[in-house]
Amino acid sequence: MSTALTDIGLMEGVTEAMNGAAVERVSLGEPEWLRERRIHAWDVYERTPMPSTKLEEWRYTDLKKKLDLDSLRLPETEAAPDDPAAWPARLRATMEEDHEASGHIVLVDGHVVHADLIPELAEKGVILTSLHQAADEHAELVREHLATEAVPAEEGKFAALNAALWTDGIFLHVPKGVKLDLPVRVTRSYTESGAAYFSRVLIVAEANSQVSYVDEVISDDFDEQTFASTAVEVIALDDSQVQYVALQRLGRRGFYQSVQRTLARRNSRLDTLNVAMGGSVTRVDLSARLLGPGASSDMLGLYFGDEDQHFDFNTSQDHEVPNTASDLLYKGALDGKSRAVFRGIIRVHAGAQQTDAYQTNRNILLSHGARADSLPNLEIEADDVKCSHGATVGQLDEEAKFYLMSRGLEEVQAERLVVTGFLGEVLAKLPLGGVVEKVNRVIEQKLSQHS
Amino acid sequence: MPQNETIQDLNLDEYKYDFVTKSEPKFRAEKGLSEDVVRQISQHKDEPQWMLDFRLKALEVYESKPMPKWGGDLDGLEGVLDEIYFYVRPQDQMERSWDDVPDEIKDTFEKLGIPEAERKILAGVGAQYESEMVYHSLRKEWEDAGVIFDSIEDGLKNHPELFREYFGTVIPTGDNKFSAMNSAVWSGGSFVYIPKDVSLDTPLQAYFRVNQERMGQFERTLIIVDEGAQAHYIEGCTAPVYSTESFHSGVIEIIVKKNARFRYTTIQNWSNNMYNLVTQRAIVEEGGHMEWLDGNLGSKLTMKYPSCYLMGPHAHGEILSIAYSGDGQHQDTGGKVIHAAPYTTSSIVSKSISKGHGRSTYRGLCKVYEGAHHSRSNVECDALLIDETSRTDTYPYIEIEEDDASIGHEASVSKIGEEQLFYLMSRGISEVEAMAMIVRGFIEPIAKELPLEYAVELNRLIELEMEGSVG
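Top to bottom, those sequences are chains S and A.
With our numbering as the guide, the letters of the first sequence map in order to residues 1 to 451.
With our numbering as the guide, the letters of the second sequence map in order to residues 452 to 922.
Fair warning: there could be bad hints in the mix.
[Claimed, not checked] Calculated cross-link-like contacts (lysine-lysine; reagent style DSS-like; alpha-carbon spacing at most 27 angstroms): (1) K64/S / K520/A; (2) K818/A / K54/S; (3) K337/S / K818/A; (4) K520/A / K65/S; (5) K508/A / K628/A; (6) K124/S / K179/S; (7) K628/A / K54/S; (8) K54/S / K508/A; (9) K866/A / K386/S.
[Unchecked claim] Sample of chain S residues with no beta-carbon within 10 angstroms of chain A, all distances over it, derived: (10) A17; (11) H104; (12) K176.
[Unchecked claim] Covered by chain S, per the in silico footprint, the following chain A stretches (three or more residues, Cβ under 8 angstroms): (13) 744 to 752; (14) 833 to 845; (15) 860 to 868.
Keep in mind the hints are simulated off the structure, nothing from the lab.
Only a predicted model underlies this, so the values are computations on that prediction, with no experimental measurement involved.
Yeah, the Cβ is synthetic: ideal placement off N, Cα and C, and Gly gets one too.
The task is simple: from the sequences and hints, build the whole structure.
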């Protein structure tokens, strides 16, 4: 008896647009090692079943209902010119809000159309460039780190799909001892409704270096489901300090899917902030690995849902050696019929003594139809550790509201202030210039629609 | 003499229930699970047709369900299930006078201290040996008040309507693979009915003993606490240590009616080669109050998550869970609370201790359905790790569909503090004693809820286990 591959869940997700031929097309003109890597990734993709709600990690996000892969096309838009006048209005407006930066990258519809870097940083050897270009010009570095140790294709269905089909991305390399005072700012704009975008970020911070990176994705509302996939690899070598910030402000019918992994080596500090405001579906898989003694990671998250928005954060904190620390704080407000899922796990591996690991997820439900699911997990295999986690789901702090109202504030004002304060705790922990203001503005907008 | 030497001299694996009584069963079904075995059980119990049908249907459901992939490691279980006896009948009939219980069996329970306990404080006692209840008694005053405390078989025989109205309604056959298995081969357990507004001031107690090697015990308990009534039920479980693995899978269904209060206490101290997979659930109606007090000390693997379904306004559910996992043990325990009505409240407090290569897992669910406004729930899990090889996991599920609810979960993991130890030892207390004191303090919030003799037992056990942890 022969069983068709599709019957056993294989070959799932092979579509008219996304198939082996598409992989060949995107690899045209690329170095052979990269082409092989894509073909390998595609092979993994075909062999990996589509995640179903039977998997713990996907229990609350039913892709059968949330994602229509068959309807997605690969983007057809040509690269836009490096000329702000030709860019979408929303992209121009977003860029204007930005504060000073060490450098910028602008992507329009998956293509890097602009890259700049302060000249003295370039002189010190900092590389900030399109990943495509880097694969040619810095082949050795890219080859070593791209989809190898951080987010290999084997990581899962979407990691494999991304590794096979990515069109472009960002490569940031900070040499030993170089410290960037201002953040690197990346802005992505998507315009093609019904498209599936795949891009990657690779950040390598050498020993004793320091860098902040802010990646903002924006779009107008789409007419059809539009898929924006990113794979993010952040590697912090000994004694380095890295901040990674992702700011998601897609329009409705956007499906934001991001696989992020951070590798923190000895005495490094690698902090992340994920802000999710837009899109119809957000799925973030963030995995922090603490690989060297003295390494630490703060993991921050902030989300505000309204209408039928769906957020799903799946995080892990892996303490693999002694004397590492991680602290996670994800907070969200949910209005309308929106829904948030937080599933996080702290793993203290055997022998990883003197671990400090914390995990907190707090939700407030602002409306009757909103829903929050929280699964903060612990797996502890060492005894000399400090670990705790907490999760809460509740309403607005009535006492705080009452207090503000007793001071003469209108009910609406008081509510806004309480929500802003609740979410503000997250931003206060990583107060990067520009980010806080932008996020606060979106929160204000969302709150003004709350009745 | 250095302290370490004293410690090595101690017998660390002492398990005081490790004795075997030589008693010949009256009947033993063939090994393994089959339709024949199910029919034999039903025939031996002289059951009505509907119950045989119920069992056979359950067997089908059991066979159609895959082995769970979550929780503990069940890989070795299928081999065990092929080798065990699903039904062993120790005597012909259940006794109501202790004197009539066969000497070998009586001897067992005497060793476990049951008659003594009964004389002291209990409202009623039931004892299950292998597959059958061998003894059931209830104080006259409670019998006169209309309280029913019977073996489950007698419940079916003597109160067929009440029985059939509730049996299998709280935990449907298909709830999980092991509830299906139990539904097919159940034998023994208690049937309890507390009439309206009757308050039992002392507990009912059931004792479960597996004596034979390669034995599977599948007790089934159904408890109905009528409106405004109050009661407390305690079960204890032990078995001798055999070289082969045994299996215990109970189903406990409880209905707590309007404004009734009920507490169910389990102190499970099975031998360390027992698979203990139990489904326990209570439906709590308006204003009702349900408490599960769950102590898991023995067994090789326990998977057990007592649940409260809060179905009426102002219903309250409480789960106090304590687990101890020594070498080779995995306690995968916790609790579930389902808020399906407004103004319902619940709390789960879980404490676990892992020692040696032991593993303690908390797995729990707190679910608030839309419409269950003004619900409040709080979950607290604390894990204590004694050795660097011990392991603890926490897997809470929090599912909230109602905005007007307040739900909190907190968990922490710690080891015995060097400072605490140092302080106690500086007062002249030995290291072993100091550790035991700290552990006792850790479990105190739960131990104090136990009836005295169980609290003493628990403390003794902790002391015994701590003796091996220094050095």
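Does K520/A pair with K65/S here, judged by a C-alpha cut-off of 27 angstroms?
Holds, at roughly 25 angstroms.
Are K628/A and K54/S close enough, with their CA atoms no more than 27 angstroms apart?
holds, 17 angstroms
Next pair to validate is K508/A with K628/A; report whether the Cα-Cα distance is within 27 angstroms.
Given pair K508/A, K628/A holds - Cα atoms ~13 angstroms apart, limit 27 angstroms.
Holds or violated: are the alpha carbons of K64/S and K520/A at most 27 angstroms from each other?
holds, 23 angstroms
Would you check whether the claim that K176/S is not at the interface survives, using Cβ distances to chain A and the 10 angstroms cut-off?
Since the minimum Cβ distance to chain A is about 36 angstroms, K176/S lies beyond 10 angstroms and the statement holds.
Tell me if chain S covers the region 860 to 868 of chain A under the three-residue, 8 angstroms CB rule, please?
Since three or more residues must qualify, the claim that chain S covers the region 860 to 868 of chain A holds, with 7 doing so at under 8 angstroms.
Between K818/A and K54/S, does the CA-CA distance stay at or below 27 angstroms?
holds, 19 angstroms
Is K337/S within 27 angstroms of K818/A, Cα to Cα?
holds, 18 angstroms
Tell me if chain S covers the region 744 to 752 of chain A under the three-residue, 8 angstroms CB rule, please?
Check failed, 0 qualifying residues.
Starting from K124/S, check that the Cα of K179/S is at most 27 angstroms away, please.
holds, 10 angstroms
Is the listed coverage of the region 833 to 845 of chain A by chain S valid when you require three or more residues with a beta carbon under 8 angstroms from a beta carbon of that chain?
holds (count 11)
Separation of A17/S from chain A, once the least beta-carbon distance is taken, above 10 angstroms
Check passes; 34 angstroms lies beyond 10 angstroms.
Hint 13 alone, counting from the list given before, is not met by this structure.
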